[in-house]
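**Q** Okay, here's what each chain looks like letter by letter:
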Amino acid sequence: MSVSRSLLVTFSALLAMVAMPAAAQDSLPPAPYAYNQLADPEQEAVAQDLMETLRCLKCQSQSIADSDAPMAGDMRHQVRTRIEMGEEPEAIRAWLVARYGDYVSYAPTVSETTWPLFAVPLLLILLAAIILWRRLRART
Amino acid sequence: MIAELGLAALWLAAALAVLQLVAGALSQRQGAEELAALVRPAAIVQGLVAAFAFLMLLVLFAQTDLSVKLVAMNSHSDKPMIFKLSGAFGNHEGSMLLWITVMALAGSLIAAVERRLPEKTMLATLAAQAFVGVGFYAFLLLSSNPFERLPVPALEGMGLNPLLQDIGLVFHPPTLYIGYVGLSVAFSFAVGALLTRQVTPDFARAMRPWVLGAWIFLTLGITAGSYWAYYELGWGGWWFWDPVENASLMPWLAATALLHSASVLASRDALRTWTIMLGVVAFSMSMVGTFLVRSGILTSVHAFAVDPERGTFILGLLVIYIGGALLLFGLRAGTVSEGTRFSVTSREGALVFNNVMLTALLGIVLLGTLYPLFTEAFDVRVSVGPPYFNPVGAIFVVPMLIVMAVGPLLRWRKDSLARIRLPLLIIGGATLAALVLISLLTSIAILPFLGLVLAVGLGIGSFMPIRGRKLRLLPIATWGMMVAHFGIAVALFGMASESAFSEETLAAVEVGGSADVGPWNIVLTEVSPTAGPNWTALEGRLLASYDGGTAIAVTPQSRNFWAPPQETTESALATRWNGQLYAVIGREAGEGRWQLRLWWKPFVTFIWYGGVLVALGGVLALIGRVMADLKRRAIKSRGAIRRAETAA
Amino acid sequence: MKRWTLWVPLALFALFIGVAAYQLTQPKDEFIASTMIGEPLPEFDLRAASLDRPALKTGDLRDGKPRLLNVFASWCIPCIAEAPHLETLRRQGVDIVAVAIRDRPQDVARFLANYGNPYSRIGADDLSEVQLAIGSSGVPETFVVDGQGIIRYQHIGDIRASDVPLLMQKLAEAQ
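Chains as they are written, first to last, in my numbering: chain A, 751 to 890; chain B, 385 to 1032; chain C, 713 to 887.
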């Protein structure tokens, strides 16, 4: 691999390693609810639980609750605003999934693309039971 | 010169590995003594030469030799020396060199120290170790040469990612790698045993200390990594089921299962097939993890410089090694006879149960980690994270913890619950009391609730084996088991507590203003600029007082590095016996106010204290086993001398 | 252990190798596509992002004429690269409206002065609300919207010269 290409690869990998890219930064302040909590602690708890299960689209692998990226802040603003207006967390999740697909949500949902994620644990339970039954049948 | 020396040493080490492989393999056939005699020395010298190569790399980084490509891309003259040195392995090529060095040294150590196995099995083991080594030497030398020179020396280095410029980098990769690669010994032992059909209690007894050693380091490495991510990334998270985190957890799960399985094999000559399979699986998980991290096919905050070419090379190595070992397993494991039988309520029964649970958990983590990769092949993108791993993992972890609390009390081969009903009552009583108290005094989600309750039960249960035994006569290895199990309980308590009781406050505070989080009151007294060797920062000075007590100062920073240009937040921690205050200062929020992020995390430190306890338990177990083994060998040799004397 | 179960680990491993090998041959696709293709645009009413172009609201995109909706920002580097190609499209008669993400008017003005202004309308999206609502996950992105305000196609990343004919074709299909 040529020097310049490997330099580029490494540099972009280094950049990709952080949630806050140094190159592109907007100059507007964060959204009002990006770094502010809702006044009602119960609503805030509901919002926080939801945010921990929504994926930051500009980061490598983080929830929007854990990211400093401006877009994550805007998504937090959306979540908190909607919770404050009384929207259900699952409705907010569905709204985001309707726009970005399952990728944006960490919460497992059973669908035609994710059913193995649930079938396999059941299979494992079954297998474990069979193995244990066969091994541990009373024999001395 | 130094780079060339290092490269030459690497080639020499590779050649020695080839020699070790060829000699070890051929000595199986003919019993050729000359060839057999070469194997151990080859292994020992290989380790020393590989270590020399790694030392050369360290020297290059210490000197910031910018004519070497790796140094130019990953280092900088302004970096503090400790990060210059640890930066040597903070990149793909350097960490691969660390990998191969640990592997070679592990081989040297077995060759020098291991005397308990039949010679033929030892040679097969060393040959297997060399076989794996050769592939990784080839990978290094042909596609990831750390000593490559630049045609023109760089004027200045590109620097090390500021997130890595932290003491954590000094501990986390080396301990993790000694753990990962140490498991190659178990792999080689398993392959050697399969090849020579020597799956015996002696084999398990020989393998156990090596697995323990690797496992101890792996435990420490994961614990260190978790704590490092916690305070470095600025959001107070200590585990995210990120693919690379899982890549370190999967070998650990396999190694834990292997430890316990080898225990059964060593004491009771049972679970032979299972032990062999786990020996192969553990290092296979290490190799799969290396592949996932370095090939770029999975998205992760952790991934190294991604290159599909390298990914393909490593995949090829996986096919040869893991495929080969599993093929051998399929062919030979059927001929391994099963050992003695045992009943359900017995220590073997408990260990089998937990082994099955651990393996199932390993399967879940593997499935969840690889699933996005699988669906991407169909152009579908999904995200699998904590909301999946936590509950699904709990299905297997909860029964495992229950059995773990009681298992050590059971006797081998056959026991009855009635015999241990008093300790059972104590454990059950304590667990029930915890259950009632916690449900009455708090209202928390089901998983943290289960975690707290089980942590109490397991904590008490782990020291129950002391009952009815003289403390001074208790074997050290038993102390090791109790401490390790207790460590799990402590860590679990920390995890559950952090999840259930953490409180967070986000506030825009002006200088002189204050904010509250949990029982803390925090006053921002000033925000001032400060600087370090390769960064400038804005440092906030916070006076934090717990429950109205004396105020302590914490100083979070918002740092700006210049090579490479990047902003990081350096969190400030105030640690008490019952938890940590975690403070981060962010941007200016307008009108002279500063964005403060404050957390109060009760008992979060228990997570890592627990991890350290687990490793400590392993150390005690290792000491106990090694001492017992030395004693046994001394008795055997004294017996042999006496027999020789009486015969004479 | 039954004979055949001993082969299960190898079989699972083979499956993994197959998937991994296949994935290694695929180009690394970091983009998250919008799932709003075929859906109508959400209702929005943005203020003007620059002094010399009018503001943008959903009604402007429902006048029967297909057009391009370009999501950009002054702080976005690849947006500079795509500016000449947007100009090419405009000269071929394509109506291009823009949503400026998280941008101050003076920064937008500076960007347009430096790199050209192919837009007929520019709306300011300070909180990324419209961006989120149409399933855009970064800048720059370009959407083909038909005359009834329905999203027909999404192009992620900057527009290259080779993308211009494709966009023209998608616009024609949106008639």
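Take these hints with a grain of salt, some might be off.
Said to hold, decoys possible - Which stretches of chain C does chain A cover? Using the computed rule of at least three CB atoms under 8 Å from a CB of chain A, they are:
#1 760-770
#2 813-819
#3 831-840
These are computed hints drawn from the structure, not numbers from a lab.
Just so you know, these numbers come straight off a predicted model, no measurement behind them.
Cβ atoms here follow ideal geometry from the backbone N, Cα and C, with glycine treated the same way.
**Q** Honestly, which of those hints from before does the structure not fit?
**A** Hint 1 alone not satisfied by this model.
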